[in-house]
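**Q** What follows is the residue order along each chain.
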Amino acid sequence: MAEITLKSLAHTYLAEPMGPEDYAIREMDHVWQQGGAYALLGPSGCGKSTLLNIISGLLQPSSGEVQFDGCNVNALPPEERNIAQVFQFPVVYDTMSVYDNLAFPLRNVKTPESRVHERVMEVADVLELTAQLKRKARNLTADEKQKVSMGRGLVREDVTAILFDEPLTVIDPQLKWKLRRKLKEIHRRFNITMVYVTHDQLEASTFADKIAVMYQGQVVQFGTPRELFERPSHTFVGYFIGSPGMNFLDVALRGEAVLAGDVSLPVSGALRDAIAGARSSNVKLGIRPEFIEVHADPVAGSVMADVEDAQDLGTYRILSLRLGEHVLKARVEEGRVVPRRTAHLRFPDNRLGLYVDDFRVEIGHE
Amino acid sequence: MSLILDNIDLVVGGATHIEGVNLELKPGSFNVLLGRTLAGKTTLMRLMAGLDTPTRGRVLMEGRDVTGVSVRHRNVSMVYQQFINYPGLSVYDNIASPLRLAKVERAEIDRRVRETAELLHIEHLLERSPLELSGGQQQRTAMGRALVKDADVILFDEPLVNLDYKLREELREELRTLFDERRCIAVYATTEPAEALALGGNTAVLHEGRLLQYGRTEDVYHRPVSRSSAEMFSEPPINMIRGLISGDEISFDRRAAFPLSDDLRSLPPGEYHFGVRPSHISLQPRADDDLAVEVSVELAEISGSETFLHVANDLFAMVVHLSGVHEFDVDQRITIHFPIHKVYAFDRHGDVVHVPSHLGGL
Amino acid sequence: MNKVYNNRAWLLILPMLLLVAFSAVIPLMTVVNYSVQDVFDAHTRFFTGTEWFEATLNDPALQAALLRQFAFSFTILAIEVPLGIGIALLMPKRGWRASVVMILVTLPLLIPWNVVGSIWQIFTRGDIGLMGWSLRELGYGYNITRSAVDAWATIVLMDVWHWTPLIALLCYSGLRSIPDAYYQAARIDRASRWAVFRYIQLPKLTNVLVIGVLLRFMHSFMIYAEPFVLTGGGPGSSTTFLSQSLTTMAIGQQDLGPSAAFSLIYFLIILLVCWVFYTAIMNLQKDKQEKGA
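Sequences listed follow chains A, B and C, in order. Position 286 (the first sequence) corresponds to 286 in the UniProt record's numbering; numbering is contiguous. Position 38 (the second sequence) corresponds to 38 in the UniProt record's numbering; numbering is contiguous. Position 98 (the third sequence) corresponds to 98 in the UniProt record's numbering; numbering is contiguous.
Isolated chain A (complex conformation):
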């Protein structure tokens, strides 16, 4: 059982890094609390696998510390960190039976055979592998193999955390949700810290209580799935989470008006003041397609936009709306009227986010 702390951690694969862009992990501090279910989410090349390997000890960080329960473990090799890892492609010991696979980590430390039996039976029961115990691991299906590799982590009583590196990549789509449920069950039952690395928002949000979104070697937001959706703290999170992603409008203040291109947006006073106070020219307003109100007729505080395209996605539609130089996406539920040529859009104040230099600026709504 452990709390994992990353202290001023940074990593580069280059011998002589020149600037921040040479770092796979830019200097960061982060805490994974004991017993939490976490996800590390980001596109390929964002540094998430590097971070995972640093935690498990397969990689030495260039600078900074990895601490387990406050103790620096930088110098410890993976086998002494008491961490289990489940890889993208199932790793099983082909020639051993499922039972022997599960017993392997215990036998390696000379655990008495009676204790081994007890633990293996318990874990096999949780993972629903009891019927397969006598079979050779090589003859299992991909999802069974992945359960076996997970099981090898679970049998150890001294395991402090389990790290998952995109474990469901090779699993049949129809079986995925069952394994996801299994993972949640296991987390609840064993109370182990779990960190799940993936580029898939569904995997991350389904598994984790809290998600760290990584982008260019940095954690740009650490929050619950709901926070990532409703209040993304970085434009990248807005773009990356949700399909389609968040809409962003470059805005500037001219006189009293907030302009997006040459369209004047009706926004609250608080928001206008915040825009006026921004010390950068990179100012954006962000709103989710789900939160744009689309009306056929003008309503109070609406702006007019051209309907460029309406995509029928079955039980809802995605409209492409041209607002000056920007094209916005809006989601319209089934049964609502979809304007044909021009639409009147309203952006609810509490759903609009202000982004200065790509980071969210919180504003008090009156």
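Errors might be hidden in some of the hints.
Under 7 Å between C-beta atoms, here's a sample of chain B residues computed to sit facing chain A [what the hints assert, rightly or not]:
(1) 164
(2) 219
(3) 221
(4) 277
(5) 279
(6) 301
(7) 304
(8) 331
(9) 334
Here are the simulated DSS-like pairs of lysine-lysine, each with C-alpha atoms no more than 25 Å apart in a straight line [what the hints assert, rightly or not]:
(10) A:210 x A:134
(11) A:210 x A:178
(12) B:166 x A:284
(13) A:210 x A:7
(14) B:26 x B:103
(15) A:134 x A:110
(16) C:204 x C:93
(17) A:210 x B:26
(18) A:178 x A:134
(19) B:166 x A:176
(20) A:134 x C:204
(21) B:103 x B:149
Partner residues aside, some chain A positions facing chain C, computed with beta carbon under 10 Å [to be verified]:
(22) 79
(23) 80
(24) 89
(25) 94
(26) 152
(27) 177
(28) 180
No wet-lab data here; the hints were simulated from the structure. Note that the Cβ used here is the ideal one computed from N, Cα and C, for glycine as well.
Let chain A serve as the given structure and place chains B and C on it in line with the hints.
**A** Below, chains B and C without anything else, positioned relative to chain A:
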């Protein structure tokens, strides 16, 4: 340019891969082949391309019988799941390769390669080698090779499967606009119903080597002709519940009985499968005749902006699709509302006998 | 997937069929033909049935050669397989060192059989050969023309030197194909070096080892040029292996019938041993439970 598959069968070593497929693809149309793995999508594409010859039936292009004509003499191109490029050639030469084979003039090649590269947003990568590119850029290069030669038929075999979902979203949208202006027939195979919907055009639903339904994508989605067609074209899967209509009642598993809604009154008594889309079930009642059902949550799958709720009780297991992020604990008890006026009904043979009235009825 | 059916394709493999007919089928049939006849001269021959086969099987000299042959093949396999695996495990995985070591290891494989014999013949000579001279200087009365033990040891050593690189290379390629994740998982499972070898590396090597062992068995069972050049089969007949007996019989004595029968038996033994070995290995890999099912 039209492409007609006329009563096609393909039997390989005693196993039937394709059975009685009739399909007419109109000039300039965008067509999605939707089906699970091994439904026959790739096989059908290979038949269209001329890589395989059907055991029975004919393939007609622009009215001309091309059944036995090899792929080399049909003007088709194909994009695969894997990013297939010539690793030794630059992106430019990769895209130019089909034109060079066709002995097109140099200046013309240059013009068309640059034009195609621009369409696919890879004009700045022309001098690079495909191996230095990201997956998305590699697949764009492969698409460039398929698009550059002005083929009559372009076949895409799950081209986006190996890309991450944001790239998929982008490329999908580009493909939609790309083919708006082209005269060629595009055929696009996918396993994902959502992708078929996003691409629009026409959809052919395939299952076990048979064509279940073909038509405009929205029509096929909203008005499935059979139970299997509805099941294949729904993501998450459409919820199917077996029920009995007798007198003024509809009952499930002979236990839970509800008064019959006006919608379903026209159905003769008997056993039916009722299908309801996951997104039509809600947590709050939306209409008077909604049925409230107690269930427990098996898992809440959250996909950034959507929630897929797997629920079950002792009668049935269902999936509920909610917009936005909703967090539930495993095994939490909740009430869901089941819209009786939005159900499809399928008879014993699996044929559709009732389409909800908001979609225009049968 | 089936392709466009076109029977003309058969024409393309016709030359190959003809070649195989001339190079394998016809010679083999000739041998079968000779093995059941007694040939006196170009015009006189008698049908003998299985007589030659019986004679061959009962010939004590040939029986001894067969035993010697098995002893030799098993000895060199017992040395080359573990040694080859060991070398493969020690070879560097990447970088310039990998290439250099690879070339060094491959060198013996590039030398023709009879040249290998000649090299070792010189190498082991007591007067000018480095090995022969050194051993003598060390006080060991090394002489391959007198001592059967010395001759045997030298031939085994020569074969090990010549062919262990093949096993090593096969194993090296097998080891390279193991994904890093396996080693990482093993570290995390706290597996010992031996356990890593036993449960990760060895299972992944099984397939290449099957090929390696089969190749080496067939090769060594047919060994001819090297001992012929090195010892000429002596001292006595202590290093006379089957192929040499056969050559003596067929070319030296012109006993076409018996040597044809001998050839066929020889061929069948190799085939049988390979089949038994292959089937045994493949059976080992199967799940015990599933075999019953």
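**Q** Are the hints correct? Go through all of them and say.
**A** Checked hints:
| no. | hint | result |
| --- | --- | --- |
| 1 | 164 | holds, 5 Å |
| 2 | 219 | violated, 10 Å |
| 3 | 221 | holds, 5 Å |
| 4 | 277 | holds, 6 Å |
| 5 | 279 | holds, 4 Å |
| 6 | 301 | holds, 4 Å |
| 7 | 304 | holds, 4 Å |
| 8 | 331 | violated, 9 Å |
| 9 | 334 | violated, 16 Å |
| 10 | A:210 x A:134 | violated, 38 Å |
| 11 | A:210 x A:178 | holds, 21 Å |
| 12 | B:166 x A:284 | holds, 21 Å |
| 13 | A:210 x A:7 | holds, 19 Å |
| 14 | B:26 x B:103 | violated, 29 Å |
| 15 | A:134 x A:110 | holds, 22 Å |
| 16 | C:204 x C:93 | holds, 16 Å |
| 17 | A:210 x B:26 | violated, 50 Å |
| 18 | A:178 x A:134 | holds, 23 Å |
| 19 | B:166 x A:176 | holds, 20 Å |
| 20 | A:134 x C:204 | holds, 21 Å |
| 21 | B:103 x B:149 | holds, 11 Å |
| 22 | 79 | holds, 4 Å |
| 23 | 80 | holds, 8 Å |
| 24 | 89 | holds, 6 Å |
| 25 | 94 | holds, 5 Å |
| 26 | 152 | holds, 6 Å |
| 27 | 177 | violated, 25 Å |
| 28 | 180 | violated, 22 Å |
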